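Order-wise, the sequence lines are chains W and D.
Numbering-wise (numbering that gives the first Met the number 0), the first sequence opens with residue 0 and increments by one.
Numbering-wise (numbering that gives the first Met the number 0), the second sequence opens with residue 0 and increments by one.
Just so you know, these hints were derived from the structure itself, not from any lab.
Nothing here was measured: the structure is a model prediction, and the numbers come from that model.
There may be inaccurate statements among the hints.
[Said to hold, decoys possible] Taking beta-carbon pairs under 7 angstroms as the criterion, some of the chain D residues facing chain W (in silico): (1) Ser42; (2) Arg43; (3) Phe44; (4) Arg46; (5) Thr108; (6) Val164; (7) Asp508; (8) Asp509; (9) Leu512; (10) Gln516; (11) Ile564; (12) Asp567.
Cβ atoms here follow ideal geometry from the backbone N, Cα and C, with glycine treated the same way.
One letter stands for each residue in the lines below.
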Amino acid sequence: MAVVKLDSGYNIGVPQAACTFVEHAAPSPAKPAAAAQDTKLPALSIVSTGGTIASRIDYRTGSVTSQFDANDILVAIPELAEIAHYRAIPLATILSENMTPVIWQELARAVHDEIKGGAKGIIVTHGTDTMAYSAAALSFMIDTPVPIVFVGSQRSADRPSSDNAMNAVCAAAAATSDLGEVAVVMHDSTNDDRCAIHRGTRVRKMHTSRRDAFRSLGTEPLGYVAYPSRAVTLAPEAVRRGTAKLALHDKLEPHCALIQFFPGMLPDILKAYAGYKGLIIAGTGLGHTSTALIPGLRKLTEDGTLVVMTSQCMHGRVCDRVYDTGRDLLAAGVVEGGDMLPEAALVKLMWVLGNEKNPEKARGMMQESLKGECTRRSAHGL
Amino acid sequence: MDYKKAGLVAGIEIHQQLDTAEKLFCHCPTAIRENTEHSGEFSRFLRATVSEMGEIDRAAKEEMKQDRLFHYYTYDTTCLVENDEEPPAPMNDEALDVCLTIGKMFNMTPVPQVHIMRKLVIDGSNTSGFQRTALIAFNGDLPNGGKIETICLEEEAAQRVKDEVFSLDRLGIPLVEITTTPCMHTPEDVQKTAEYIGMVLRSTGKVKRGIGTIRQDVNISIAAGARVEIKGVQELDLIAEVVRREVQRQQNLLTLRDELKSRGASIAKESATDITALFKETKSTVLKKAKKIHAILLPGFAGLVGREIQPERRLGSEMSDYAKKCGVGGIFHTDELPAYGVTAEEVTLLRTHMKAQPADCVIIVSGVSEKQAACAINQVIVRAQIAMSDKPVPEETRKMLESGSTAYMRPLPGAARMYPETDVLPVEIDDARWAAVTIPELLTARADRYAKEYAIDRPYALQLAGSEKLPLFERAVKDGIKPKLAAFSILSTLTELRRDGVDTKKIRDDAFLATLQAVENGQAAKEAIPDLFRSIAEGSSVADAMNKLAPSVSREELETIVRKILTDRADFIAQKGKAALGPLMGVVMAEVRGSVDGKLVSEVLRKEIEIVLDKGV
C-alpha cells in the first residue's frame, strides 16, 4: 500500500497500482539554526547517542527512530539555554538495544575529552532500554570530578506529553550541581513534579513504559531535582564535585556473559561459554543454580572463567553459605557477587577483566565496591 | 433574514460515542464514572511540539501562551494507556465494524487501508497531547441531496471536571465523527440534517445514549465573513439558533469594521502602559488584587467595543476571550465603565491619563505579573487589528454558550496538527470485510413497519423505534404480548414510574415480560401493572408482587364482591341508576386490588347493577 496524505492531514493507504507518479516531493524544511546560548552560564557538553529522547518519526518505515542531534534538542527544549551553555557532540544515533561495549568505550573517551576540555558537567542522551548498562560502564571507565548525567525519555519526543523536556531540564540542573559521579536522571513518579538522581551502578529500568521506570535498587536515590523550579537536593552519600581526579580506564574484556538460571536449565548451555573470560549468573534466591549445573560451572572456573553469582531477585544480597547448593557452588569456584545488580556486575566484570590480569586480584575486585555498585550494609529493603 | 442573500454556507460535524465493550485503543470498559469514585490522581505539563512539517500548529501555539499543569483522575476502570504510560493496543475491531456499518448506511466508500493519526490537542483533554483519529470512509449521500465528506473513528477526550482537572473515564471511548460538506444554506437545513444523521446513528443500536454522548460542531460562513467552527452543541433544538446567531455576529463584525474605517479609528500601540498606580485606592476587587494593570488607547473605538454583536456578546467580549489566553480573567473597557466597582472619578482619571478623546476607548487588563499583563494587552491589540482589517471575521474555533451565542476558543487548526500514530499498525479493509457489513433497518422504516403491522400511532412507533428498550419490545411481541400493551408499558408506564423516583433499572427484562404475560393471561389487571412494577423495583419477585397486589379472584368471587358493594350502596344506585357504573368501578377495582381486568369488572358490575335496578322496578 502507498500512503497518501490528504489536505485534511489524514493519511490513508491506497494500493500502489491506483497511484500515478506526479513529481518528487519538495525537500523537507531546512534544519533549525543553532540555538542562542549564554556563555556566562556553566559549560556543559551534550553527548547524544540516540534513543527516545531524540526520536522522530521515520517516514521510511513509519516507526519511531533516533535521528536527532544535540542541537535539535536545544531547539526543542528552550529552557535548557537558561541553565548552561552547551557543546553538542553527536556520537551515535542508535536505539539503545544496539549499544555495544565498543560504543561504551567511544562514549567514555568522548566524555573524558569533554571534561578535559573544560566541561563542567556532561549530559549523555541515551535510549532507556540499556541506559543502566552504559551508566555502569562509564562509572567504571571514568574517574570523574564533574557530574556525568545519563538521561532519556520513556514517551516519544514528538508528543506534547513527552517526558523528554522535563528529564532533560532536570538532567542539566543535575549536571551543573555539586554532584561528582555518574548518574541517571529520570522521572521519579508519573507526575511532572521531580526527577530522581540515581547512581549509575545501582539503577535499573523496572517498567517497560512508565515514565518512572528507573529505580535505585537496594539504596535510596542520590538526590532529586524539583520541576519546574530545578532545585537540586543531594543525599549525603552522593559523591561531590571535585572529589575524584579525572582519569580514563577504557579497557573492557568483551568475552563476558550474563545468564539467568531457570528450573530445568540444561547443563549443556554452559558449554557455549567455554573460553569466556567471565560469566555472571543471575541465580535464584540467595544465589543458586540447580545441582545439575555445578559440574559445568566447576569446569568453567577450572579453565579460567571468572564466574560470579548474583540474584534474579534484584533486591537483596547473595549468600551461598546457607544451603548445600550454595556451598557446592562456592566449592566449584563461583564468587559471590554481594548485592550487585546482575547487569552492573556484568559490566564490572568486563572492566575488571580488561584492567586486571591477575585472576586472584580480579576475584577480589569483584567483591569490593569500586563505584558504589555494592554496599557493605543492606540498609534498605524492597 | 434572507440567508441566501447573506451567502450562508454551513456544514456539520457530528460526534457520537459508540457503545462498544472496550475502548478504542485499550481494553478498558467504556464506562462513565462518578468523579467521586476516582482511585488516583496525577499531574502533567503539555508543550507544543514541532510537527513533521517543521512547524508548530497555530491552534497549539495559542494554547501554549502560558505554562499549564493539568491534573487527571484515574479509576479502577482506566489503565496505563489513558495515563499515557503505555503504548496503545491495536484498534478496537468492534468499533471499526460499527463505523463501517454507518459508512455503508450513508453509501460511502471505505479507505483501502486505515491509518491512525495523532491530532494535536493540548488543552489538557488528552493526556498524550494528541487525539488518535483515523479516516475510515468518505463520500456519502444524504437524502436531501447533501453530501457526507468523511467518517472518522477517533478516541473521545477526557471530561473536564473543572478548570485544569480532567477525568479519564471518558478518554478513549470510541467516537465516530461524521463531517458533511458545506452543503447547507439555512439554519433549519442544518438542524434537519443533524437530526437525520442522529437517527441513522441510533439505527445501528451500537451508540451510547444520553446527555453528552452526541455532540454537534457547526461550520459556518457568510459572504465576506470567514469559516468559524462552533464546538459542542449538545442540544439538537439549539442548532438552528446557533447558526442564526453566528450569521448575525459575522454581519455585525462586518458593519463594525465599516464604521471603524469611516471613523478613521486606529490602535495607539505606543500608548500601552502600566497604570497600576492609578488604581491604588480603588474599590474594584479585581483591580485591587491585581499586581499589574496595563492600559491601551483605541482612538475612534468608543461605543463600538461595547456594542452588541450577538445577544450578550460584544467586541469587548471577543477581546476579553483573546486576553484570557494569557491567563488573565478578562478585560475592562471604558464603554462599560463605570461599573464593577470602578468609579466615575477613576474613569475620568484613566481617560485623562491615557489622553482619551470622547470618541476613544480605553482598554485595561490586570494580571499577576508584568509579563501576563503585557501578554494580555498584546492579545487585545491583535483582536482590535482584526476588527479593523479587510477580514474582520477571524477564522476561529468557538464554543457554544448556554443561550446559543458563542465565545472564542482558539484559531482554526491547520494541517500541521496531524501526524501518524506510529504505535498502531494500519488496518486493511478488503472487499470481503466491506461486503460482510450488513445494514440495519433505519429507525424511521422500523417505525413505519410498527405503525402498519401493530396499529401503533406513528409518533409513538417512532419513539419506540428509537428507544433503548427496543429489544425488549421485540421480545415481548415474540412472546405473544400485545404490541400496544408492550409499547405502552415501555414508553409510558416505565417512564412515569422513573419520574416518580422508582428505580426502574431494577426491573429485569424477565420480570417485565412475566408481568405483562400475567396480564395477558388474565391473572392480573392492566391497571395493576404500575403497582406490580413498583413492587418488583423494590425487590419483590414477580410471584410475591402478584400475591400481594393481584391475588387471583375468580368470576364467582368477583360477583360476590360486586353484590356486596351494591347492597351497601343501594341508595346511591336508586338515585343514579345506570350512571352509578362509573363511580362504582373505582370502588370495585380498589377492592379486587388489580387482580381482575377492568373490562371484566365493568361487565360484571353492569350486569349486577341492571339486576338491582330490575328488582327495584
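So, going through the hints one by one against the coordinates:
| no. | hint | verdict |
| --- | --- | --- |
| 1 | Ser42 | holds (5 angstroms) |
| 2 | Arg43 | holds (5 angstroms) |
| 3 | Phe44 | holds (5 angstroms) |
| 4 | Arg46 | holds (6 angstroms) |
| 5 | Thr108 | violated (11 angstroms) |
| 6 | Val164 | violated (14 angstroms) |
| 7 | Asp508 | violated (42 angstroms) |
| 8 | Asp509 | violated (45 angstroms) |
| 9 | Leu512 | violated (47 angstroms) |
| 10 | Gln516 | violated (53 angstroms) |
| 11 | Ile564 | violated (74 angstroms) |
| 12 | Asp567 | violated (77 angstroms) |
Violation of the numbered hints given earlier is confined to hints 5, 6, 7, 8, 9, 10, 11 and 12; the remaining hints are satisfied by the structure.
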